[in-house]
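Fit chain S to the supplied structure of chain A, relying on the hints for placement.
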Amino acid sequence: MVSSVALYFVLPAIVLAVVTTFVRLLLGPSLPDRVVALDLMTTLGIGVIVAYALGMDEPIFVDIAIVVALISFLGTIAFAYYVQKRVQQ
Amino acid sequence: MTFLDTLLEVISLLLLITGTIFVLISAVGVVRMPDLYLRMSASTKSSTLGLGLVLLGAALYFRHDFGIASRLVAIVVFLLLTAPVAAHLMGRAAYHTGVPLWEKSIHDDLKGKYNPEDDTLDSFTDTLPKVFLEES
Numbered sequence: 000m001v002s003s004v005a006l007y008f009v010l011p012a013i014v015l016a017v018v019t020t021f022v023r024l025l026l027g028p029s030l031p032d033r034v035v036a037l038d039l040m041t042t043l044g045i046g047v048i049v050a051y052a053l054g055m056d057e058p059i060f061v062d063i064a065i066v067v068a069l070i071s072f073l074g075t076i077a078f079a080y081y082v083q084k085r086v087q088q
Numbered sequence: 000m001t002f003l004d005t006l007l008e009v010i011s012l013l014l015l016i017t018g019t020i021f022v023l024i025s026a027v028g029v030v031r032m033p034d035l036y037l038r039m040s041a042s043t044k045s046s047t048l049g050l051g052l053v054l055l056g057a058a059l060y061f062r063h064d065f066g067i068a069s070r071l072v073a074i075v076v077f078l079l080l081t082a083p084v085a086a087h088l089m090g091r092a093a094y095h096t097g098v099p100l101w102e103k104s105i106h107d108d109l110k111g112k113y114n115p116e117d118d119t120l121d122s123f124t125d126t127l128p129k130v131f132l133e134e135s
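Quick note, the sequences are listed as chains A and S, same order.
Residue numbering for the first sequence is 0 to 88, as defined by numbering that gives the first Met the number 0.
Residue numbering for the second sequence is 0 to 135, as defined by numbering that gives the first Met the number 0.
Please keep in mind that the hints were generated in silico from the structure rather than gathered at the bench.
Keep in mind that the hints are not guaranteed to be accurate.
Stated by the list, open to error - Distance condition first, Cα-Cα at most 25 angstroms in a straight line; then the derived DSS-like pairs of lysine-lysine:
no.: 1; chain 1: A; residue 1: LYS84; chain 2: S; residue 2: LYS112
no.: 2; chain 1: S; residue 1: LYS44; chain 2: S; residue 2: LYS103
no.: 3; chain 1: S; residue 1: LYS110; chain 2: A; residue 2: LYS84
Next up, chain A with everything else stripped away, as it sits in the complex:
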């Protein structure tokens, strides 16, 4: 029951959320808008991985979700640093 809900409701809904966020990535008037959209997309990627792990009953994928969470945080920090330094020069 949980597996089929994860595969047929949670996974499509999170993918729909990623597509919706991608609209902001394309529209975003300024660079920080795009960075926020990209940050949300990587955060939702964790959800996609966990929903797939639930649906396929493959708990080993959760390890990948940990790595994605770490990399996404580092990426946002680097982007914030870059945005701030870019205007100062």
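Coordinates of chain S only, in the frame set by chain A:
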């Protein structure tokens, strides 16, 4: 399947569905909000809550495998720790580079307190005595 197993499975389903709805709301908020700061508010808070609920539901489903469940809870803790930090840094960088507020925003606490030349902020304690002097 015992009663407890059924109960935990229902709770896991409820957490998964509630979390998915919050994630969808956060994605809609990122597209529909009028301003970077409001968008950031939607994306940070709502997506952290939604993803936390989804991960806790998954942890309940994988409850027989303690390693996996504890990894999922560790991801939730990590998200709760890092999402505010990342949003704060991004909002600070955006404010310092002059991303405008929504024209209907009614309050800006940092207005006039940011010095672009040396990249510093006047703090609350710096301005407090001046305000008192002007009023008295």
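Now for the hints, and whether the structure bears them out:
1. A:LYS84 with S:LYS112: Distance of about 20 angstroms is within 25 angstroms: holds.
2. S:LYS44 with S:LYS103: Status holds; Cα separation ~22 angstroms.
3. S:LYS110 with A:LYS84: 21 angstroms, holds
Of the numbered hints given earlier, the model fails none.
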